[in-house]
Every structure is written in C-alpha cells, then in structure tokens.
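Asker: Here's the letter readout for the chains.
Number of protein chains: 2
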Amino acid sequence: MQLTITVINGIPEVQAGNDLPGLIMAGCAATGLALQERDILVVTQKVVSKAEGCLLDLRTVEPSPFALEFARQWGKDPRQVEVVLRESVRIVRMDKGVIITETRQGLVCANAGVDASNVPGKHIVSLLPRDPDASAARIRQVLREKTGVDVPVIISDSFGRTWRNGIINVAIGISGLQALIDYRGTDDPHGYRMSATVIAVADELASAAELVMGKVEACPVALIRGYDYTPTRGTARELVIDPERDMFR
Amino acid sequence: MQLTITVINGIPEVQAGNDLPGLIMAGCAATGLALQERDILVVTQKVVSKAEGCLLDLRTVEPSPFALEFARQWGKDPRQVEVVLRESVRIVRMDKGVIITETRQGLVCANAGVDASNVPGKHIVSLLPRDPDASAARIRQVLREKTGVDVPVIISDSFGRTWRNGIINVAIGISGLQALIDYRGTDDPHGYRMSATVIAVADELASAAELVMGKVEACPVALIRGYDYTPTRGTARELVIDPERDMFR
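If you read the protein sequences in the order shown, they are chains A and B. So the first sequence is residues 1 to 249, counted in my numbering. So the second sequence is residues 1001 to 1249, counted in my numbering.
Quick caveat, the hints were computed from the structure, so don't treat them as lab data.
What the simulated footprint calls covered on chain A by chain B, stretch by stretch (three residues with Cβ under 8 Å from a Cβ of chain B suffice, anywhere in the stretch; the number is not a length):
{"#": "1", "region": "4-15"}
{"#": "2", "region": "93-104"}
{"#": "3", "region": "230-244"}
Virtual Cβ for every residue (Gly too), placed ideally from N, Cα, C.
With the sequences and hints as input, model every part of the structure.
Answerer: Okay, structure coming up:
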C-alpha cells in the first residue's frame, strides 16, 4: 500500500466571500493534478474561516472584568481573551496564561481556536468556522458539482497536546469519510481480540497533510491519494470524547 | 512538494534476538524499494520490543495489594496492572479503569505501553523498549553499515489523547532527524503550546505512516520519501513536556 500527499500550489490570499472550491480547482490545475475518485482533500481551517468571513476586529471588543484580570496577570491582550471566552461554552483549564476551553463547535482546544497569526491586519483575529463539518460538506458538494468527482474533505487545524511538545494537525471538520476506524472485536494475527483499538484516521490524515503544507509557505490545501478510506457522511464530532466519559474535563 | 508513504511488505513475525535491520532490508527488497538518502523509516514499537526481547510472561508476576484492588474494581488482570505500575515512575491519572503514567522511558501514556495485543501467547505482554532513541539509533546504524545509506528512523507507538477519541501514532524513539520544527525561532515558555510556532513533525510522520500500516495486517514498517527533514542526532525526549511546565501532570 502506498499513498502520496501533494501540496496544492497557487492558492492566493483568501478573502471573505471568495469561492474556495473554485480556488482549490484552479490550484489543482496549477499543480498539474486532476481530482480523482478516492482522493482526499485536506484544507486548513484558516482559509475556510477567511472565505466564510469568520474574522473579528479586536477594536470592536469590550473586554469583561474577568478577561481584563486574566490578561493583566499573564500579559495578554484583554480583547483577545474576551473573544476566547465568547467563543467558548466551558473552561477546561486556565493556567500559565493558557486557556483551554470547549468551543461553541464542541471542540476542546487552546484559545477556542481564536488566532492572530496568518490574518491580514494587526487588530484582526480569525475564529473557527461556525460549523466545520458543514464547511467541509459545502466544499465537497461544489467540487462534486463542478468536477463530477466526489472527494472527501477534511478541515484541519493545529492543536497542542497534553504532555507532548509541539502542535500537530487534527481534523475539525469532515465530509465524506469515516473519522475513526474501529478494530474492536477483530482479531489480531495471533487471535488476540483487540479491545481498545480505535484509530483516529481523520486526525492522522490531517497530520500527514501538514507535512507538505508547512507553516511559513502558507499552502493551505493538500491532496492525499491512495488511502483506502471508508466512505460515509462523516463528522468530526466523533473525534471528541463525550464530556461524561472524559477524564480531563 | 509531494511525499510518498509505502508500507514495507514481507516482514515476518519477529522473535527475540531477530536481526530487525536485516528483516527491514529483506522487506524493502520484497517491496521493490531500495533505501535512498532522505528517506525516513518508521518502525512500530511492537516489533522493536519483540526483537529486543521486551516481553513478559504474566504468570511470573505477583500483583501487589494495590494492583489487586484496582484490577478488582475495574475488571482488569491484576498481574497486568502490576506490570503497568512497575513500568512507571509516576501515576498521572487513575480513573475509569485507565492508568495514565509517566513511564521509565519518560513518556506519558496509558498503561505504560504494556500491551497484550499482537504478541504470541495469551499470557505474554510486550513492554516498551528500554531506550527507544537507542533502538532507533541501532537500526539506523546497522542499515547505514549494510547499505551505505543513512536513513533516519522513528519508532512509533499508538497513544490515546485527552479530549479526543481514538488513538494515533506518535514517535517514541528517534534517530537522525529533528522531532520538532520551530518556524518562528521563538520558544513559548508555557507547558501548553498555544501559538502555532512549533510543529511536532516526528509525531506527524509517525501518524502518516500508520495510515499505510493498518492494525490487523501487521505491517510494522513504512518508508516515507520526499519529506524535507532537518538532519540531526534527534531524540523523542524533545516531544515530552517537562514536568515543571506541564499543566496536566
């Protein structure tokens, strides 16, 4: 089994209202690639947020006393802290200047995905797409209408991890493939019944795509060819542990 | 930029004392691949542990009263709980039948990497290699001696995550490449990396390799070609957050 991961070149700086599927198609053409059945597209959250206009001018934000106090204590921008709180439904951890929350989208991550990097304008922050699964589904649908090829789409974002340094890409929105592969109940080659082996393949696909995207070069789309995925509607919600079962929430 | 990930076929069931680099070379030949400069090999922990004889017969283990009590409460094998405790230097969390510890290797993971799957014999469990960086360095060195090609080696294992369902492959041992890439040259002093500066590329490479290895098919080696890594001695220790900076330990 072999898979190839190719960065899609030629995607320009994305603006609110831009036709992202059209930009992806043009990028594929510029890269010399035609979409094929069984391909998978990985698109970074940042360009999806930009295309959907999920940007906020911090000069319009009035920080609460709680945000002001945390920002003062840790040397943060109180308006940005305020936006993080507004984008969240629950604080998971708030320490050492870091805010880990459950976001309105149901994700658990640092700063609710509010990010000042790779956005034009120093007062502008990007927010996560309102419904990343729906964002993925829209891109997939438009590409299917325009090309006749049905390609699963993963919206990726880079998350920190507990206990481990560095960030890695994970899937925050999915359309067209299974997020998890469940080997529970299948036997390994020695006849051992695997009881706890569910692989988060959508996260692994997002991480694999990051390897060709880089951060500085700002290549927000990658195409994965040769991965034998399980087609289904798909949702990134499956990747988040239920609060009732969560040992760290 | 394009990278290809190829599963290495023809690796037989590995036994204690087996020449793992030799098996990898034979596997590459069977797959029709010759190692090239700038390739990266990802090898699963399980075959490294087997080759190094890091297996334990549970019938030789006398569980402590503490292990007996936890095992009784959660329906676990008390001997396996005992082995998990012996492989650990610190308990990070012990709840819902799950034991998350800091292992003797300095990793933080569930069950200290003690695993009954994919091992021959129902009383046998595999332990993590004693020094996974050294295991990676030995494989790399022997391959360099035999082929003349210096190929970085990553030892991978599948870890669960906080807040997210499913396991993904991460790097627990490294030789020959940088574990982290710091794109902005700045080092965040906080335990949880909140700005998108440092990418855990070794973990992403391990995850990418998992996509071709699968679990049931038992293909323990993959070759990644086309990734522009930074050559260095390398260590997976860089991937673990210092206890002093850790918000979850």
